[in-house]
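Keeping their order, the protein sequence lines are chains A and X. Counting along the first sequence from 1, when you hit position 206 you're at 206 in this note's numbering, and nothing is skipped either side. Counting along the second sequence from 1, when you hit position 240 you're at 240 in this note's numbering, and nothing is skipped either side.
Read the hints as simulated data drawn from the structure, not as lab findings. Worth double-checking, as some hints may not be accurate.
[As the list claims (entries may be wrong)] Simulated pairs of lysine-lysine, DSS-like, Cα-Cα distance not exceeding 30 Å: (1) X:K37 <-> X:K79; (2) X:K131 <-> A:K202; (3) A:K232 <-> A:K30; (4) A:K202 <-> A:K144; (5) A:K257 <-> A:K232; (6) X:K79 <-> A:K150.
Because the structure is a prediction, the values reported are computed rather than measured.
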Amino acid sequence: MAPQSSDPASPNFRETIIRVRGLEVGFGTKTVMKDLDLDVYRGEILGFVGPSGSGKSVLTRTILGLVPKRAGTIEVFGENLDDLPPEEHRRLERRWGVLFQHGALFSALTVKQNVQVPMREYLDLSDRLLDELAMLKIEMVGLKPDAADKMPSDLSGGMIKRAALARALSLDPEIVFLDEPTSGLDPIGAGDFDELIATLQKTLGLTVFMVTHDLDSLHSVCDRVAALGDGKVIAAGPIETMLASEHPWLRSYFHGKRARAVMG
Amino acid sequence: MPEIDPEPTCEIEDGGGTVRVRLNGRWTATHASAVEKNMADLVAQAEGGRVILDLSSVSRLDTLGAWVLDRTRHELGDKGLSADFTGARDEHRILLDEVAYRGFQTSQPQKPGTIVDFLADIGRSVVGVGKDFAQGTSFFGEIVSALVKVALNPPRFRVPAVTHQLEQIAYRGAPIIALISFLVGAIVAQQGIFQLQKFGAIAFVVDLIGILVLRELGVLLTSIMVAGRSGSAFTAEIGSMKMREEIDALRVMGLDPVEVLIVPRILALLIGLPLLTFISNISALLGGAVVTMTYGGISLDIFLVRLQQAIAFSTFMVGMIKAPFMALIIGLIASLEGMAVQGSAESLGRQVTSSVVKAIFMVIVVDGIFAMFFAAIRY
């Protein structure tokens, strides 16, 4: 990976949008991660991999403030989350969108109403625009218009993912956190989803933090990959760095049977 | 970090047949009303010819901005003008292509008259009650058949499940039911003393408490408390299992959800409710005794002697006989409502509410029927 420069004038300069330093998280007597450092740069798609139970979701939830941390700092948009007063924190939350692993759609609302929830809360939109914009997001994520008036319980797994992405994107966030976005989708749907994320990343200048196990996604859309293991980031860099890594888990992950099938 | 947040504006230059519109500032969702107003004004003002929307000095564009711009282009087109974008940066161009305006047919729910609505509501409720009754009956049949199956095949009797439910219903419910019964017994005694005093018949307060508590109050209070405490819990448990497909999981394993989930609960209720009724009876009598001692000056000895004269074993049995029926009603309604839960959290809440309301209503109705029945057979 090219050396990152801290000098804004340097051509290698990339703004760090999320900076995690010395993070320690645990539950009870169990420590899930310790001294974890992670950087996410503006405008990139970071794929985040790791064995099941290694704490990928916990890290995401810690950055989002859903899980308390024991030590360390998390800076998002250059601001330390601990130092922010509550209003500032809420303002910052408008600038990120989250796709939870199981969608977390509000079960009492239709898909369209789900997408409109953040818009109604934070924006002052006319009814017409509210409707049109919700429909636009719904179509952008590849759902048919007739899905808009369905209840989440009437949707298939893939449709729930898409609807949840539409909701995550409803405020045009700068960062989106995707927790296993393509799991449970058919390969074509997953490919479309990857393409969609890549397009949105280009058009909206999104930074994407994606927890995934999908080797296709890692290859096709991720600019960088970070791997979590033993409570630390064991490697971070473009996919080539990952392939060259000697770490046993990474070797079996990227050189296993399934990986060979993907890479040919 | 302080951001310069310039409002979106547009400068219109009329150049003989061609209108050049220069857009400035941030065309984003935070300025939604300004974005919409600017463009609505443009559409209203424009008259014939060509409109060129110059995006070169737009500092930021998001999906909302792009959507409104493209919508405006189409609206101008509908007015017979030709409209084009120019000077769009690459990323803005991609965004404009991505949103590509199209009319959405949003289905507006039709609003019939209020009277029609009202009548339709009544009709729906009547049909609903009928369906409830039919479902209740068929469900009752299912439960009875499951009970018979278990009775014929004792190894299938789930002892741990029943004892666990018994703990939840009876053991954990006992203190609150004892407390409430004590208080109600005391209150009835106090009011009885005040009213009977006028006739110089204070001593009859013991008869009043004894008969009222044993025949009606004990079982009624217990049933209402159990419907609120355990009935709601059953509905919520079964309902959330239904929501998360756990019931389906049981079914595909060849297990009968009625046998696994509902039979133990109903058995526990059938055992637990009479026990609780007994506790409630004793507490209410105790509450009555304490008040007759303090307000009526009747000592405990005299209270007990009078109580013995006032009540017979049948008085006690009238209350106890009702308890298992109440248990069955509560268990049946709670399980039925639990099974009716749909996918949403709202529906879970609705079914739990209706479980408690229906159970309490039915308990009181059945108690009334029993009262008439016992009066008719002079028991």
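- Message: Need the list of violated hint numbers for this structure, in ascending order.
- Response: 2 and 6
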